[in-house]
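Novice: Chains as they are written, first to last, in the working numbering: chain C, 1 to 749; chain D, 1 to 186.
One or more hints might be untrue.
[To be verified] Straight-line C-alpha distance at most 27 angstroms; calculated BS3-like pairs for lysine-lysine:
id, chain 1, residue 1, chain 2, residue 2
1, C, K317, D, K138
2, C, K238, D, K146
3, C, K377, D, K145
4, D, K139, C, K238
5, C, K237, D, K138
6, C, K317, D, K114
7, C, K258, D, K145
8, D, K56, C, K356
9, D, K119, C, K367
10, D, K146, C, K316
11, D, K56, C, K389
12, C, K714, D, K119
13, C, K367, D, K139
14, C, K100, C, K499
15, C, K636, D, K114
16, D, K119, C, K317
17, D, K125, C, K708
18, D, K56, C, K416
19, C, K263, D, K146
20, D, K114, C, K316
21, C, K356, D, K114
22, D, K125, C, K714
23, C, K263, D, K139
24, C, K708, D, K114
25, C, K356, D, K119
26, C, K367, D, K146
27, C, K243, D, K146
28, C, K263, D, K145
29, D, K139, C, K258
30, C, K356, D, K139
31, D, K56, C, K417
32, C, K708, D, K139
33, D, K138, C, K356
34, D, K146, C, K237
35, D, K119, C, K316
36, C, K258, C, K235
37, D, K145, C, K238
38, D, K119, C, K708
Because the hints were derived from the structure by calculation, they are not lab data. Fair warning: this is a prediction, and the values are worked out from it, not measured in the lab.
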Amino acid sequence: MANTWGYGAMTNSLGDIQNAKAIIIFGANPAVNHPVGFGHFLKAKERNNAQIIVVDPRYTKTAAKADIFAQIRPGTDIPFMYGMLNIIFKNGWEDKKFIKDRVYGIEDIRKEAAKWTPEKVADVTGVSAEKLMQITRVYAKSTPGTLIWAMGLTQHTIGSSNTRMAPILQLCLGNMGVEGGGTNILRGHDNVQGATDMCCLSHTLPGYYGLSAGSWKYFAKSWGVDYEWLAGRFKDKKMMSAKGFTLAKWYSGVLAGKPGEDKIHNAGTNLKALFVMGNGITSIAQQAKVKEALDNLELIVLADPFVNEAAILTDKKDDVFLLPAATQFETSGSVTATNRSAQWRYQVVEPMYESKPDHEIMFEFAKRLGFYDEYTKGMLIRENKKTFKFPEDATDEIARIIKTIGLTGWTSKRLKKHTDNWHMFDEVSLRGTGPMKGEYYGLPWPCWTESHSGSPVLYNINRSVKEGGMGFRNRFGLEHDGQNLLAGKGSAPKGSSNKDGYAEITAKNIESVLGIKLSAAEKKKIGKNWKVDTSNIIAEKCMEAGIAPYGNAKARAKVWTFPDQIPMHREPLHSPRQDLAKKYPSYKDKANHYRVDTKYISKQTEKDWSKEFPINLVTGRLVNLNGAGMENRASKYLAELTPEMFCDIHPGLAANHGIRNGDMMWVHSPEGTKIKVKAKFSYSVSEDRVFLPMHFAGHFQGEDLSHKYPEGTKPYAVGESANTVTNYGYDIVTQIPETKGGLCRIEKA
Amino acid sequence: MTSTTQNALSTKVGRRSFLKMAAVAGAFGATSAFASSGVTRAATEDEVKNPFPGSKNVRTICTACSVGCGITAEVQNGVWVRQEVAQDHPVSLGGHCCKGADMIDMVRSEVRLKYPMVKEGGQWKRISWDTAYERISKKLDSLRKKDGPDSTIFLGSAKMSTEQAYYFRKFAAFYGTNNIDHQARI
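Next up, chain C with everything else stripped away, as it sits in the complex:
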């Protein structure tokens, strides 16, 4: 999504969904996963008679509230959306002016969409041509429409194409940059947005600055350390700029070299030590490999408020450390909600037992490893202090450095003021009143300056930049294939001194784009461009001129740096439709994909997987549990709601295998792994697929590992991890595992 228009984040807000006239949901189940957020969806229905459309492999609880439900075959969202576009283009329902002024590359999309007739879409997706037409008509005719997704779109080998396809559909309908429209991704954990913005990610530095030498130099300077010293901490400068292993496939880093394992490129070493803080790694695909990797490590450190079940999964006998981390209620700091709004999470109580807040643990390790002073210096720089106060000085350090997503305005003082005054904001527009007038709740980023309002609706040109308006970001150059990539005439944000498209603002072009003259003093202080201008002169001047610092460009439907320039359908690696796998094959195998040689076509064509494993496997969440379930299964009351791991199975499918409701059953995966779970009859799944919740751990391939918990720490519910049987397969760009479209075989236990 960031590759389409600049930022990869929810564009609008939950409250803004109340403005929608239609809501289409792909691969998300907010009624279960975000129940309180879903209240806003239902209000849209009450207030605007908004039509709710759910496209999902399962009849979810969200689907139960929908006006129209389409039960799609896993991994076929791209054909479905091309099918919608086919009908839209045929009837001329697209927003022609919006496309002309604000989108690049739609011609290629038109050509591809023309191939996806409703009949062809029906064959691939399993949704009838009539239903596709009904959905398309309702959605295209009821604007503004909002498009919602979650992991049902991302967890595929083609996830990064799915998440471009949905924006393209919205762009064609002119649903972007408007209230009640947008692409609204529902994040999972409470601070996925904040932790992602801070880039606890192996391919970039905080604020999505990337890993180039230039980015490292900016950070070294901002952290108050010498760049060469920092580079000296790495093996070499090449490794300093090389993407690291990911959460999805770190296990290869340990297992490489063993027969049949994927090859790695990790500075000549395997992974020997694992340091985990607040991460249920028993909820990632390929648990059997994860277990083997854990067994082969030299050191495992697990810091969590509860026993991280990696400690239970492994048979490693020595050097497994469990550190009691405090919960977030035993410390304080900011948290970024799914809509880019920050809130201050105040401390409720002191850390219980011997637990310590995460940062204290990090700081102590930094001391003992000898880099504490350099590591914490960034907190002293802003006010030239001698000692720091965490987290406030860290918040202010982030605000000082992170320009790319506009965090300059997120000072600890302002964020606290918002939480202190949460009763002063409107639930739909997020506008403040009284002392909070002129600001939106939680200052949704970009929040360009210390007096900026925040930006509740991204890419909205009907507001001035000062009030949160902006065009699309100029991120992909000024032209491509001879075509101008800047926005067309008259599509600048309201009140802009420049009515056309313009490039991102630099020290060089600021005077010409803004039509101003800088003083000599300003010229001396100003940074090279808006992303590294710690003087913030660029942003301040831009606000006065109504200019977005990041430029005003076209969104792009075509990403020329991706393996598929426009989204293309490719069957999952393990597809029940071998005929289609031949017609829409996966990618070539990819070398050095986050340090691992990753299989695509070779896995897909290894054999006809569907013969032995004829059933589609879908995983997802339950209302009472979250993530790996570590926290919630430690609650008596929540655990009681689902005391056992289970498998949703259609009674018809179950009957074919002699399985009765409540029987134990085996689910086998193509990787040769298996889990033993309780059969739960449900019509939410069709006869060709089963559903597994993903929150359990503590059993492994039929074995109960309860005896391995330290005394008094066993959660109130344990069970098999669904991810022991989710299949091999990783997104071609992000390496997110393909857990939402694999195969399995079942039998009565």
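Following the hints, complete the assembly by docking chain D onto the known chain C.
Specialist: Leaving out everything else, chain D in the frame of chain C:
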């Protein structure tokens, strides 16, 4: 018996409240509760109005999902005693799902990890923080020297505050590796 208890017993007692009292007595042991004076006393006027006098309400945010619901946490003498929904929060508007309503129980859960531990010879052993820090640092340091900083991976968290997540990313940078990731990858 204290005079209050006598009074209580001499007045008309409904079946339900009698059972309640019996349960209380049971909990303390049938004799001791009534034998020693000062164990039970009359509720103060404040206590009649509010079971947790002197408590304060803290505005905070749920840690379950990314909706960011408001929580009103009532704290008395450093103990989180009650949790209330935040009726005036602009996103949750007084709503809570079962996970959110359970935050107080998560924090107070009896099965929390209470002290640092290490597995040695297949057995869990309680250790001090200092020992944990020392042994882990020594091992990390030797691996870093022998196999290079890329022999370690750091898996951080979407369950940390933004500031902690930033410092986690920074930690890997100062350690000297890009082997760092978190849940956004799944």
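Novice: Are the hints correct? Go through all of them and say.
Specialist: We went through each hint and held it up to the structure:
no.	hint	in the structure
1	K317(C) with K138(D)	holds, 19 angstroms
2	K238(C) with K146(D)	holds, 19 angstroms
3	K377(C) with K145(D)	holds, 25 angstroms
4	K139(D) with K238(C)	holds, 25 angstroms
5	K237(C) with K138(D)	holds, 26 angstroms
6	K317(C) with K114(D)	holds, 21 angstroms
7	K258(C) with K145(D)	holds, 24 angstroms
8	K56(D) with K356(C)	holds, 23 angstroms
9	K119(D) with K367(C)	holds, 24 angstroms
10	K146(D) with K316(C)	holds, 22 angstroms
11	K56(D) with K389(C)	holds, 24 angstroms
12	K714(C) with K119(D)	holds, 16 angstroms
13	K367(C) with K139(D)	holds, 15 angstroms
14	K100(C) with K499(C)	holds, 16 angstroms
15	K636(C) with K114(D)	holds, 18 angstroms
16	K119(D) with K317(C)	holds, 6 angstroms
17	K125(D) with K708(C)	holds, 13 angstroms
18	K56(D) with K416(C)	holds, 18 angstroms
19	K263(C) with K146(D)	holds, 21 angstroms
20	K114(D) with K316(C)	holds, 22 angstroms
21	K356(C) with K114(D)	holds, 10 angstroms
22	K125(D) with K714(C)	holds, 16 angstroms
23	K263(C) with K139(D)	holds, 26 angstroms
24	K708(C) with K114(D)	holds, 17 angstroms
25	K356(C) with K119(D)	holds, 20 angstroms
26	K367(C) with K146(D)	holds, 20 angstroms
27	K243(C) with K146(D)	holds, 22 angstroms
28	K263(C) with K145(D)	holds, 24 angstroms
29	K139(D) with K258(C)	holds, 24 angstroms
30	K356(C) with K139(D)	holds, 21 angstroms
31	K56(D) with K417(C)	holds, 19 angstroms
32	K708(C) with K139(D)	holds, 24 angstroms
33	K138(D) with K356(C)	holds, 21 angstroms
34	K146(D) with K237(C)	holds, 19 angstroms
35	K119(D) with K316(C)	holds, 8 angstroms
36	K258(C) with K235(C)	holds, 24 angstroms
37	K145(D) with K238(C)	holds, 18 angstroms
38	K119(D) with K708(C)	holds, 11 angstroms
Comparing the model with each earlier hint shows no violations; every hint is respected.
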